[in-house]
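Chemist: Here is what each chain is made of, one letter per residue.
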Amino acid sequence: GENVEQHPSTLSVQEGDSAVIKCTYSDSASNYFPWYKQELGKRPQLIIDIRSNVGEKKDQRIAVTLNKTAKHFSLHITETQPEDSAVYFCAGLYGNKLVFGAGTILRVKS
Amino acid sequence: NAGVTQTPKFRILKIGQSMTLQCAQDMNHNYMYWYRQDPGMGLKLIYYSVGAGITDKGEVPNGYNVSRSTTEDFPLRLELAAPSQTSVYFCASSRATLYNEQFFGPGTRLTVL
Chain A
1 GENVEQHPST
11 LSVQEGDSAV
21 IKCTYSDSAS
31 NYFPWYKQEL
41 GKRPQLIIDI
51 RSNVGEKKDQ
61 RIAVTLNKTA
71 KHFSLHITET
81 QPEDSAVYFC
91 AGLYGNKLVF
101 GAGTILRVKS
Chain B
1001 NAGVTQTPKF
1011 RILKIGQSMT
1021 LQCAQDMNHN
1031 YMYWYRQDPG
1041 MGLKLIYYSV
1051 GAGITDKGEV
1061 PNGYNVSRST
1071 TEDFPLRLEL
1081 AAPSQTSVYF
1091 CASSRATLYN
1101 EQFFGPGTRL
1111 TVL
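Protein sequences, first through last, are from chains A and B. Per my numbering, residue 1 is the first one in the first sequence, and the count goes up by one each step. Per my numbering, residue 1001 is the first one in the second sequence, and the count goes up by one each step.
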């Protein structure tokens, strides 16, 4: 089936600490795994994505890792800041459709 | 460029009423999507379109209809509104699906009473 599971559902970290969110996907996912950030009351926006021909991708404080054997991928945020507080969604591509995980509420405490 | 626009921003419907949620994009994107987001939940795909005249069902299409007569517009029709359709509706567009960012509209908050 087409399924993406995301954990944890909520995550609280102290400002400056790292945050890690993990997603697993079912067999039929294609080779593209994006991450979207949604601030309170706003629209989702792409923050980073990874294709299955690479194992890791970084963009400043954000990185995504992909383990194709285990069928999971993770978002890593280092040196968290209050503006990182938001809901984060992972997604997997199935045919022409993105299937989203249920989301992780990240709270960065200052 | 305005990007993806949606109207209305808010709407309250009575059970059994119908309405159309409007979505337009000015980026000349072929792919367009409709999602619903229930409180505290993720995004569920309702319908999508890969080009003018072509639409297909997503995960939760029951109770909705769509049409795509132009590249720019992708309206979502709710017939016989039910309380279960209370949600925030997001329209999105992309150049293609593979390796392409989806750009979301600001959303329409719909309440059915």
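Honestly, I wouldn't trust all of these hints.
[Stated by the list, open to error] Pairwise CB distance ranges (calculated): (1) B:D1038 <-> A:S28: 23 to 29 Å; (2) A:E2 <-> B:I1054: 39 to 45 Å; (3) B:A1082 <-> A:N3: 22 to 28 Å; (4) B:A1082 <-> A:P82: 47 to 53 Å.
No lab work stands behind these hints: they were computed from the structure. For glycine and all other residues, C-beta sits at the position ideal for the given N, C-alpha and C.
Chemist: For each hint, tell me whether it holds in the structure or not.
Modeler: Verification of the supplied hints:
1. B:D1038 <-> A:S28: 23 to 29 Å: holds (25 Å)
2. A:E2 <-> B:I1054: 39 to 45 Å: violated (20 Å)
3. B:A1082 <-> A:N3: 22 to 28 Å: Holds - the Cβ-Cβ distance for A1082 of chain B and N3 of chain A, about 26 Å, lies within 22 to 28 Å.
4. B:A1082 <-> A:P82: 47 to 53 Å: violated (39 Å)
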